Amino acid sequence: MNLILEGLIKAFQLIVALDPEVLGITWLSLKVSGLATLISVVIGISCGMIVALTRFPGKKLLVSIVNTGMGLPPVVVGLFVTVFIWRNGPLGFLDILYTPTAIIIAQAVIATPIVMGISIAALQNLPAKMRLQILSLGATRLQMVWILLREARLPLMAAVMAGFGGVISEVGASIMVGGNIKGYSRVLTTATVMETGKGNFDVAFALSIILLFLVFLVNYLFTIIQQRERPR
Amino acid sequence: MILKDILLSVENLKVELGGVSILDIPSFFIREKEFVSLVGPNGSGKSTLLLVLNCLVRPVAGRITYRQDAVASRDAVFDYRRKVSMVFQEPLLFDTTVYKNVASGLKIRGFTREQIRERVMRYLKWFNIEHLAHRSARKLSGGEAQRASLARAFAIEPEMIFLDEPFSALDPPTRIALTDDLVKILRETGITAIMVTHDQSEALRMSDRIVVMNSGSIVQQGTPLDVMNNPANEFVASFVGMDTILEGTVIKSSEGFISVSVPHAEIDAVGDCQTGDKVYCCIRPENVAIDLVHPDEHTSARNVFAAEIREISSLGPFLKLTLDCGFTLVSYVTREAFAVLELKEGKKVYPSFKATAVHVIGCR
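Residue numbers (my numbering), protein chains in the order written: chain W, 1 to 232; chain V, 233 to 596.
Simulated from the structure, these hints should not be mistaken for laboratory data.
Given the structure is predicted, the values throughout are model-derived calculations rather than measurements.
Note that the Cβ used here is the ideal one computed from N, Cα and C, for glycine as well.
A portion of the hints provided could be inaccurate.
Partial list, computed: chain W residues near chain V (C-beta under 7 Å) [as the list claims (entries may be wrong)]:
#	residue
1	L126
2	Q133
3	R141
4	Q143
5	M144
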């Protein structure tokens with residue numbers, strides 16, 4: 001019991017004192033997962049849009065594959081990304097193994113199917129005749145796409161949240177492709193794993209509390225946007 | 233037919249779905265300022281025709297001409313779509329306020345904020361939904377939502393409007409109020425309209441021309457009176473409310489009068505048929521009179537039968553009687569007459585109708 005209490009007290013002290021190392025780790029986590037989410041949103045929503053709005057043979061198969069990808073185990077992604085960027089792998093010349101860039105790539109791979117899968121569901125959920133209605137109002141193709149995205153904005157927001165939530169709390173891929181290098185590629189999750197292993201529960205607690213708070217904060221912000229956007 | 237009167241026309245139109253023909257229209261046109269109703273059962277292709285006319289469904293063959301210009305190229309289709317608008321059965325409103333919904337077509341066209349405000353307020357007023365301007369489209373009743381949808385379609389001031397069963401999801405009072413408003417607005421603006429409907433009385437009340445469709449083709453078209461009184465075949469007859477349709481053979485024909493043998497009876501009618509012709513006799517229920525005693529002395533009706541009331545059902549101000557005279561005959565009586573005659577199921581009555589009340593289809 002003492003262990004937990006002392007750990008928590010120490011953790012709060014670290015946070016309140018704005019410990020530079022903890023701050024650095026937090027900032028890197030946000031940057032890496034934020035960028036990865038951004039990439040996955042651009043790819044996931046545009047590809048999801050194309051899949052949802054067009055008809056082609058093998059569509060059902062593709063959607064099932066994307067949906068399977070929503071549960072992609074991070075360690076599997078970590079393994080594949082590592083192999084690809086390994087020194088004599090296909091992308092070895094980029095020389096990005098054990099860098100934050102590698103983490104961004106791995107996390108984008110994890111988040112893209114999540115964002116895409118939810119986007120497909122969101123856009124397919126709109127009434128089938130909605131597209132005809134928009135076209136009959138004289139919209140260009142681009143205007144139609146824009147209006148459809150706006151109509152599906154709430155579930156699309158959920159897609160973004162799910163994507164970010166998935167990658168910021170992911171540890172397997174980050175540790176494999178980032179290497180958990182102090183002051184360089186160490187993020188909240190990888191640091192928590194390491195500190196727990198070393199028995200430094202106070203630091204681990206501090207990192208976990210920050211992680212939880214970040215996830216809460218980002219989701220809270222999205223929720224506020226969602227609620228404000230909804231007309232009375 | 234003056235050519236320049238014609239706003240929209242199609243030729244040799246064919247639509248297929250999975251290799252099966254669902255629409256085959258050799259020729260069809262709409263005149264300027266005309267109100268045309270497309271009627272027919274489910275799956276007759278009326279909604280598909282509407283979507284093709286609006287260039288929202290691409291036909292496998294056919295030519296669409298608008299104001300004598302072919303609507304074929306991508307640009308032509310786009311220009312054409314900006315001149316027309318469409319209202320569906322579901323309101324399909326966007327998830328925003330009523331105001332922004334009505335403004336959407338104008339915004340798409342790049343109108344200024346002031347122009348949009350002026351137009352939107354005008355059309356909200358026309359459809360009596362000014363007070364709902366800032367309400368969320370999600371919080372409207374069915375009638376209000378359909379009004380908003382209509383206002384959105386009219387706000388762009390189209391030359392022509394397509395209506396796909398816009399009232400079918402509404403309750404009768406709402407429906408009547410809305411159709412009245414729509415007819416008024418169409419008349420004031422002179423917008424050409426084409427409406428798909430299930431409801432024949434709606435079609436009869438509102439339109440200049442009725443087009444009856446079945447299995448992907450046009451079966452008959454004409455003024456409401458024309459279609460009502462001279463249905464081209466037994467399908468149209470049953471669709472326009474000829475509840476009694478009897479198949480029979482002409483057994484006598486002289487000087488415009490014929491006798492038709494139907495199961496268990498003979499019917500006198502007016503028509504130029506030859507003996508032996510297979511015909512359909514169609515009788516409108518409102519043309520069948522009911523008596524409790526044989527009216528031989530005091531009626532000019534040539535067709536009088538002894539019958540038993542098999543079924544009574546309510547039709548608002550009327551009651552519908554299904555009578556067994558050897559063949560099945562349908563009659564409408566007012567509630568008042570129903571009470572006076574003390575009608576009930578199983579009662580013996582004498583239905584009668586004039587020879588001129590029988591519409592004969594199938595004379596050679």
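Against the structure, the hints:
no., hint, result
1, L126, "violated, 10 Å"
2, Q133, "holds, 4 Å"
3, R141, "violated, 10 Å"
4, Q143, "holds, 6 Å"
5, M144, "violated, 9 Å"
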